[in-house]
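A.B. asks: Residue numbers (numbering that gives the first Met the number 0), protein chains in the order written: chain A, 0 to 220; chain B, 0 to 220.
Think of the hints as simulated: they come from the structure by calculation, not from any bench.
Idealized CB from N, CA, C, for every residue including glycine.
Don't take every hint at face value.
Take a look, some chain B residues computed to stay more than 12 Å from chain A by CB distance [unchecked claim]:
#1 11
#2 16
#3 20
#4 49
#5 99
#6 103
#7 129
#8 159
#9 160
#10 174
#11 181
#12 193
To spell it out: a stretch of chain B is covered by chain A in this simulated footprint if at least three of its residues, at any positions, have a beta carbon under 8 Å from a beta carbon of chain A; those stretches are [stated by the list, open to error]:
#13 25-38
#14 52-63
#15 144-151
Number of protein chains: 2
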Amino acid sequence: MSRPLLTAYNWSPDKGAGLVRDMRVRWALEEVGQAYDVRHLNWGEQKEPAHRARNPFGQVPAYEEDGLVLFESGAIVLHIADSRPGLFPEDKAGRARAIEWMFAALNTVEPTVWELVIAKIIDAGEDWAEARLPSVLKRLHERLGELSKRLGDSEWLDGAFSAGDLLMVQVLRNLKASNILADYPNLAAYVARGEARPAFGRALADLRAGLTGQSPADWPY
Amino acid sequence: MSRPLLTAYNWSPDKGAGLVRDMRVRWALEEVGQAYDVRHLNWGEQKEPAHRARNPFGQVPAYEEDGLVLFESGAIVLHIADSRPGLFPEDKAGRARAIEWMFAALNTVEPTVWELVIAKIIDAGEDWAEARLPSVLKRLHERLGELSKRLGDSEWLDGAFSAGDLLMVQVLRNLKASNILADYPNLAAYVARGEARPAFGRALADLRAGLTGQSPADWPY
Numbered sequence: 000m001s002r003p004l005l006t007a008y009n010w011s012p013d014k015g016a017g018l019v020r021d022m023r024v025r026w027a028l029e030e031v032g033q034a035y036d037v038r039h040l041n042w043g044e045q046k047e048p049a050h051r052a053r054n055p056f057g058q059v060p061a062y063e064e065d066g067l068v069l070f071e072s073g074a075i076v077l078h079i080a081d082s083r084p085g086l087f088p089e090d091k092a093g094r095a096r097a098i099e100w101m102f103a104a105l106n107t108v109e110p111t112v113w114e115l116v117i118a119k120i121i122d123a124g125e126d127w128a129e130a131r132l133p134s135v136l137k138r139l140h141e142r143l144g145e146l147s148k149r150l151g152d153s154e155w156l157d158g159a160f161s162a163g164d165l166l167m168v169q170v171l172r173n174l175k176a177s178n179i180l181a182d183y184p185n186l187a188a189y190v191a192r193g194e195a196r197p198a199f200g201r202a203l204a205d206l207r208a209g210l211t212g213q214s215p216a217d218w219p220y
Numbered sequence: 000m001s002r003p004l005l006t007a008y009n010w011s012p013d014k015g016a017g018l019v020r021d022m023r024v025r026w027a028l029e030e031v032g033q034a035y036d037v038r039h040l041n042w043g044e045q046k047e048p049a050h051r052a053r054n055p056f057g058q059v060p061a062y063e064e065d066g067l068v069l070f071e072s073g074a075i076v077l078h079i080a081d082s083r084p085g086l087f088p089e090d091k092a093g094r095a096r097a098i099e100w101m102f103a104a105l106n107t108v109e110p111t112v113w114e115l116v117i118a119k120i121i122d123a124g125e126d127w128a129e130a131r132l133p134s135v136l137k138r139l140h141e142r143l144g145e146l147s148k149r150l151g152d153s154e155w156l157d158g159a160f161s162a163g164d165l166l167m168v169q170v171l172r173n174l175k176a177s178n179i180l181a182d183y184p185n186l187a188a189y190v191a192r193g194e195a196r197p198a199f200g201r202a203l204a205d206l207r208a209g210l211t212g213q214s215p216a217d218w219p220y
């Protein structure tokens with residue numbers, strides 16, 4: 000296989016916290032020990048036709064390898080996990096359960112986390128933002144409570160660290176700006192375990208080293 | 000492989016429209032020609048420990064086969080598509096792109112659709128519900144416009160019908176109660192093509208035949 004090419008931003012809506020979705024792909028590549036190149040986009044280039052051809056939604060990441068062009072961080076992480084050892088268990092049932100946690104991270108937990116991000120950042124200036132917050136927090140706490148209960152005292156969600164943990168940790172990291180994970184000590188410790196992995200550290204350092212561009216002054220995040 | 004066992008509700012929050020997530024799994028099983036059994040839950044049973052053991056988030060669907068127990072409709076559809084011919088292209092790159100559209104449906108498009116469902120149904124009685132609607136619709140229309148542009152005049156998102164189309168059609172079907180798809184004739188026609196598939200029809204008929212229980216009177220949907 001050729002060396003993959005990742006498309007990412009050279010600017011950061013989160014001041015280098017590593018919450019942008021290319022972080023998921025960088026972390027996965029580091030876990031499997033696959034070196035890669037990065038194409039950095041300036042602010043605005045993500046909405047240009049050249050990038051829309053790679054990702055019709057005008058977002059990062061995009062991923063290229065041996066003529067394959069992929070968008071959607073979840074699909075890219077799954078492709079990496081299917082192509083190289085390290086992110087899926089070797090047995091078929093274990094692999095299916097790791098994929099289950101990938102979808103749980105992105106389709107069950109992340110929507111409630113994202114609602115809070117929208118409420119706190121995009122909608123923050125609106126008259127009704129405060130009034131709405133309790134219903135947002137109710138949905139989020141329901142999911143976090145369920146996740147916390149399932150994780151219990153385990154190190155990872157289902158046996159060894161997998162692509163499912165990688166995505167779940169990245170989703171939960173969006174809550175670090177708030178104090179919400181303090182209510183779920185086992186989830187906070189789970190996130191800290193993810194962040195302590197050497198592959199995570201290398202991915203975040205590389206992401207930050209690429210932030211040589213300017214974020215727009217009016218970017219709401 | 001043994002005959003799969005699907006867990007679904009015997010009640011319907013959507014009056015049998017087939018928007019509950021077990022519909023995704025039923026449709027996938029019909030597409031690949033796999034017969035299955037159904038365990039029906041009464042209202043409330045989804046939050047009981049017996050079902051939480053299958054799905055920690057207390058939702059449907061759950062799926063059992065040869066000792067494997069899976070939750071998350073996206074992961075179950077992917078498992079079915081990986082196990083039987085009919086929902087993924089045979090080449091590795093085509094399969095990766097079908098998975099890309101599965102994640103696009105559930106992680107890029109569905110969150111904006113779900114925001115509208117929450118705004119129109121769960122938040123409908125709140126003072127601020129109307130004031131918030133424009134920002135919800137803005138995010139939704141941005142995604143639908145991008146999806147419509149990428150689909151263009153094609154029949155399906157990437158070559159033959161795939162698991163990616165199955166999930167995308169099911170996500171877009173949540174918009175049928177509103178008039179929003181009228182702004183995107185190619186997306187409306189795409190949804191209609193999905194619904195016209197014999198496998199879709201069989202799945203919906205079976206789902207409706209199982210609705211023998213009572214929905215709670217105060218269920219907000």
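A.B. asks: Checking the smallest CB distance to chain A, is residue 20 of chain B really beyond 12 Å?
C.D. replies: Non-interface label fails for residue 20 of chain B: nearest chain A Cβ at 9 Å, not farther than 12 Å.
A.B. asks: Mind verifying the non-interface call on residue 159 of chain B? Its CB should be farther than 12 Å from each CB in chain A.
C.D. replies: The assertion about residue 159 of chain B holds, with a minimum of 18 Å to chain A.
A.B. asks: Taking the closest pair, is the beta carbon of residue 16 of chain B still more than 12 Å from chain A?
C.D. replies: Non-interface label stands for residue 16 of chain B: nearest chain A Cβ at 20 Å, farther than 12 Å.
A.B. asks: Just to make sure I understand the rule, a stretch counts as covered if three or more of its residues have a C-beta closer than 8 Å to a C-beta of the chain. Does the segment 52-63 of chain B meet that for chain A?
C.D. replies: Per the Cβ count (4), the hint holds.
A.B. asks: Beyond 12 Å on every Cβ pair: is that true for residue 129 of chain B relative to chain A?
C.D. replies: violated, 10 Å
A.B. asks: Against chain A, does residue 99 of chain B hold up as non-interface, every C-beta pair farther apart than 12 Å?
C.D. replies: violated, 4 Å
A.B. asks: Is it correct that the beta-carbon of residue 181 of chain B has no partner in chain A closer than or equal to 12 Å?
C.D. replies: holds, 22 Å
A.B. asks: Taking beta carbons only, do three or more residues of the segment 25-38 of chain B come closer than 8 Å to chain A?
C.D. replies: violated (count 0)
A.B. asks: Would the least Cβ to Cβ distance between residue 49 of chain B and chain A come out above 12 Å?
C.D. replies: holds, 15 Å
A.B. asks: Verify that the Cβ of residue 11 of chain B lies farther than 12 Å from every Cβ atom of chain A, and report whether the claim holds or is violated.
C.D. replies: holds, 20 Å
A.B. asks: Would residue 174 of chain B pass as off the interface with chain A, using Cβ distances and a cut of 12 Å?
C.D. replies: holds, 16 Å
A.B. asks: Does residue 193 of chain B sit more than 12 Å from chain A, CB to CB?
C.D. replies: Given a closest Cβ separation of 19 Å, the condition holds.
The structure is inconsistent with the numbered hints 3, 5, 6, 7, 13, although it conforms to all the rest.
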